[in-house]
Amino acid sequence: MPKKILFIIIGIITLIFLILFLIFYYLYRRDINIKIQSTSKVEGIVVSYDSRNEVPVSLPIVEYSVNGIKYKKKYDYSYFIDISTESKQSNVFDIKYVHGTGQNLDLKTIFPIGSSMIVYYNPKNPEIGFVERFAGLDGYYNIAIKVTIVVYLLITSLLLYLLIFK
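Mapping the sequence shown onto full-length UniProt numbering, position 74 (from 1) lands on 74, and the numbers just tick up by one.
Don't take every hint at face value.
Computed Cβ-Cβ distance ranges for the label pairs, DEER-style [as the list claims (entries may be wrong)]:
hint	residue 1	residue 2	range
1	I110	L6	36 to 42 angstroms
2	V151	G114	26 to 32 angstroms
3	G11	I36	20 to 26 angstroms
4	V147	E43	19 to 25 angstroms
5	V47	T156	51 to 57 angstroms
6	I19	N67	35 to 41 angstroms
7	R29	D50	52 to 58 angstroms
8	S157	E43	53 to 59 angstroms
Listed next, the in silico SDA-like pairs over lysine to any residue satisfying Cα-Cα at most 20 angstroms (straight line) [stated by the list, open to error]:
hint	residue 1	residue 2
9	K70	E127
10	K74	P123
11	K146	F24
12	K3	G136
13	K41	S115
14	K166	L27
15	K108	I118
16	K72	Y49
17	K124	F17
18	K124	K3
19	K74	G136
20	K72	I34
Derived by calculation from the structure, the hints in this document are not laboratory data.
Computed from a predicted structure; not experimentally measured.
All C-beta atoms in this analysis are idealised placements derived from N, C-alpha and C, irrespective of residue type, glycine included.
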């Protein structure tokens, strides 16, 4: 393979992996900023449920007020796991929701309309925050950043080896 083509391939791969890295880094920093900057807390009230998501789970929508302005925030999970066994999820505050043939968490019973939940919010921008506990994907974005770097280094090392020694 001509050296010019290898240089072009290395350039294209570098650009692709740089874009992937920047996307994962942006998502990671966004989640970390939400977690770190949501330092104030207030009691909110469950006012409705969001059942427009892809899974058959109605997530509580919590209304809270900061400086006389009302906001709404959804109680969320990082991800949903579908399983076929009779397992039962016991911790409603886990960041993952296990959905299976066993007894699923009934969030409408656990958090009925009118019940109170704690909302953590950013005092500079009260619209940003989370309900009860942070359920972001920052850990996964961090892993994706590291995998992107390792795969990039392996591929470019192989191409550089071909460029130098072939």
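Going down the list of hints, with the structure as the test:
1. Against the hinted window of 36 to 42 angstroms, the Cβ-Cβ separation of I110 and L6 comes to about 59 angstroms, which falls outside the hint.
2. Distance hint check for V151 and G114: the Cβ-Cβ separation is about 50 angstroms, which falls outside the suggested range of 26 to 32 angstroms.
3. Between G11 and I36 the Cβ separation comes to about 36 angstroms, which falls outside the hinted range of 20 to 26 angstroms.
4. One distance hint, 19 to 25 angstroms for the beta-carbon pair V147 and E43, is violated here, with the actual separation near 40 angstroms.
5. At about 52 angstroms, the CB distance of V47 to T156 agrees with the hint of 51 to 57 angstroms.
6. The hinted range of 35 to 41 angstroms is satisfied by I19 and N67, whose Cβ atoms lie roughly 40 angstroms apart.
7. At roughly 26 angstroms, the beta-carbon separation of R29 and D50 lies outside the given 52 to 58 angstroms, and the hint is violated.
8. Between S157 and E43 the CB atoms are about 54 angstroms apart, so this pair conforms to the stated range of 53 to 59 angstroms.
9. For the hint linking K70 to E127, the alpha-carbon distance of about 9 angstroms falls within 20 angstroms, and the restraint holds.
10. With a CA separation close to 18 angstroms, the supplied pair K74 and P123 stays within the 20 angstroms bound.
11. Among the hinted pairs, K146 with F24 is consistent with the structure: their alpha-carbon atoms are about 10 angstroms apart, no more than 20 angstroms.
12. With a C-alpha separation of about 44 angstroms, the suggested pairing of K3 with G136 is violated against the 20 angstroms cut-off.
13. A threshold of 20 angstroms between alpha carbons decides the hint, and for K41 with S115 the separation of about 16 angstroms falls inside it, so the pair holds.
14. Proposed proximity of K166 and L27 is contradicted: the alpha carbons are some 40 angstroms apart, above 20 angstroms.
15. With a C-alpha separation of about 17 angstroms, the suggested pair K108 and I118 falls inside the 20 angstroms cut-off, and the hint holds.
16. Pair hint K72 plus Y49 holds up; C-alpha atoms about 11 angstroms apart against a cutoff of 20 angstroms.
17. About 34 angstroms separates the Cα atoms of K124 and F17, which puts this hinted pair outside 20 angstroms; it is violated.
18. With a CA separation close to 54 angstroms, the supplied pair K124 and K3 exceeds the 20 angstroms bound.
19. Restraint check: the Cα-Cα separation between K74 and G136 comes to about 13 angstroms, which is no more than 20 angstroms; the hinted pair holds.
20. For the suggested pair K72 and I34, the alpha carbons sit about 16 angstroms apart, so the restraint of at most 20 angstroms is met.
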